[in-house]
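With the hints as extra help, turn the sequences into a complete structure.
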Amino acid sequence: MVNLLQDRGGAVSGTLARFLPEILSTASGVSEDTAMRRSSSSALLPDNAPLPPPPPPERRIIVDAGHGGLDGGTQGNGLLEKEWSLQIAKALEEDLVGRGFKVRMTRNGDDTMELSDRTDIANEQANHLFVSVHLNHSVEPSVSGIETFYWLGQSLAVKKAVREQFEAPTGAPLTDLRSEFLAQSVQENVIQVTGANDRGKKEQSFFVLRNSIAPAILVECGFVSNPQEAEHVVTSGYRKRLARGIGNGITAFLNEVQSDRMYGVTVTPDLPAAPAELVQVPEENNRNNIQ
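Numbering (my numbering), first residue to last: 1 to 291.
No lab work stands behind these hints: they were computed from the structure.
Among these hints, one or two may not hold up.
Computed list of lysine to any residue pairs in SDA-like fashion (alpha-carbon distance at most 25 Å, straight line) [claimed, not checked]:
#: 1; residue 1: K160; residue 2: G195
#: 2; residue 1: K90; residue 2: E114
#: 3; residue 1: K160; residue 2: P173
#: 4; residue 1: K159; residue 2: N123
#: 5; residue 1: K159; residue 2: E256
#: 6; residue 1: K202; residue 2: S116
#: 7; residue 1: K90; residue 2: Q228
#: 8; residue 1: K240; residue 2: Q184
#: 9; residue 1: K202; residue 2: V257
#: 10; residue 1: K240; residue 2: G195
#: 11; residue 1: K102; residue 2: S236
#: 12; residue 1: K202; residue 2: S155
#: 13; residue 1: K202; residue 2: H128
#: 14; residue 1: K240; residue 2: G109
#: 15; residue 1: K102; residue 2: A252
#: 16; residue 1: K90; residue 2: F207
#: 17; residue 1: K240; residue 2: E83
#: 18; residue 1: K159; residue 2: P173
#: 19; residue 1: K102; residue 2: G237
#: 20; residue 1: K240; residue 2: Q87
Encoded structure:
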C-alpha cells in the first residue's frame, strides 16, 4: 500500500498462525488445486486461457516489490506487506521469464530502498517497463479487490527524456498515454484471471510513477485487511494467478508497442509560421511606449 507522500512503515503486530496450516499443507506436497479449495477461493475463474505470444525479449521488465527493510508497508490479518509483495513480485518474475522476457527485480530480499533508487533502475534504459507490486489496506475489513495506478503528469526531466526518445521537434506538443494503456491492460487481465473485485485503473501521483521515463504502473494486488484476500495472498496458487494476469496484461500491451512504436504517444507537428503580412512591427517612434 502506498501513501500519497511516502510509503507507510510499521512492525508486525500479529502472526501468521491462522494461515500456517494452509502454508504447511502446500509446502508438504498437497496440490495447488487442493490448497486453493481449502482457502475459500471457489469463486476464482479457471486459469486455462493460452498466453499471448511474447514480443522480442530485448525489452526489460523492471519488477518492483513495494517497501522492504525498515519500511514494512501496511499490515493486516497477521500479514506484513513488504513480505508478501516480494512473494508476488517473485512469482511475476518467474512468469515473465517463462515468456522470454528479461526481468530485473529492484529487490530480491528484505532490503531498504529509497524510492529514487527504484526509479533510477527503471530509467537505466529507454525501453524498460516498470511494474510496482503492493498490497492494500482499509479500515473496513469488507473492502476488497485489485486496482492499478498510473500517472500522466510526469516530472519535467521525464517529459524531456520522453521527447528525446520519440524525437519530438522542439515546441511540438507530445501526449504520452502509455502508462494509462498499460494500466488498463493489466487491470483487465488480472481481474479476468483471478476473479477478484475490479476496483479499476486510477491516476495517482506516486513518486515511482511520475519519475519513470518508461511506462510505469503500480498494482495493489488485494487487501491484507480483508480476511479472504489475506488467505489468498499466502497461497502460492493464487500468487501465480496474480502473476499470470499481470503478465498477460504486460504482454498484450507490449504486443501493441511492437506493432506500433508510437502506441500511446502522439506528437503534434509544429504549427506553420504566421504569414509576414500578419506580423505587425511597431513604428520607430512608438517603440518607447512598449512594455
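Hints and how they fare:
Note on K160 and G195: the hinted pairing is violated, with a Cα-Cα distance of about 39 Å set against a maximum of 25 Å. Restraint check: the Cα-Cα separation between K90 and E114 comes to about 20 Å, which is no more than 25 Å; the hinted pair holds. Of the pairs offered as hints, the one joining K160 and P173 holds, with about 12 Å between alpha carbons and a cut-off of 25 Å not exceeded. Distance restraint check for K159 and N123: the Cα-Cα separation of roughly 13 Å lies within the 25 Å cut-off, and the hinted pair is therefore satisfied.
Pair hint K159 plus E256 holds up; C-alpha atoms about 22 Å apart against a cutoff of 25 Å. In summary, the hint linking K202 to S116 is supported, as the alpha carbons are separated by about 22 Å, within the 25 Å threshold. Distance hint between K90 and Q228 is fulfilled; the C-alpha atoms sit about 22 Å from each other, no more than 25 Å. The suggested pairing of K240 with Q184 holds, with an alpha-carbon distance near 20 Å, which does not exceed 25 Å.
A C-alpha spacing of about 22 Å is found between K202 and V257, which places the hinted pair at or below 25 Å, so the restraint holds. A C-alpha spacing of about 13 Å is found between K240 and G195, which places the hinted pair at or below 25 Å, so the restraint holds. A C-alpha spacing of about 23 Å is found between K102 and S236, which places the hinted pair at or below 25 Å, so the restraint holds. A hinted pair counts as satisfied when its Cα atoms are at most 25 Å apart, and K202 with S155 qualifies at roughly 18 Å.
Only pairs whose Cα atoms come within 25 Å are accepted, and K202 paired with H128 is accepted, the gap being roughly 22 Å. Only pairs whose Cα atoms come within 25 Å are accepted, and K240 paired with G109 is accepted, the gap being roughly 19 Å. In summary, the hint linking K102 to A252 is supported, as the alpha carbons are separated by about 16 Å, within the 25 Å threshold. For the suggested pair K90 and F207, the alpha carbons sit about 22 Å apart, so the restraint of at most 25 Å is met.
Only pairs whose Cα atoms come within 25 Å are accepted, and K240 paired with E83 is accepted, the gap being roughly 16 Å. The hinted pair formed by K159 and P173 meets the criterion: a straight-line CA distance of about 11 Å does not exceed 25 Å. Among the hinted pairs, K102 with G237 is consistent with the structure: their alpha-carbon atoms are about 23 Å apart, no more than 25 Å. In summary, the hint linking K240 to Q87 is supported, as the alpha carbons are separated by about 10 Å, within the 25 Å threshold.
Violated hints amount to a single one, hint 1; each of the other numbered hints is respected by the structure.
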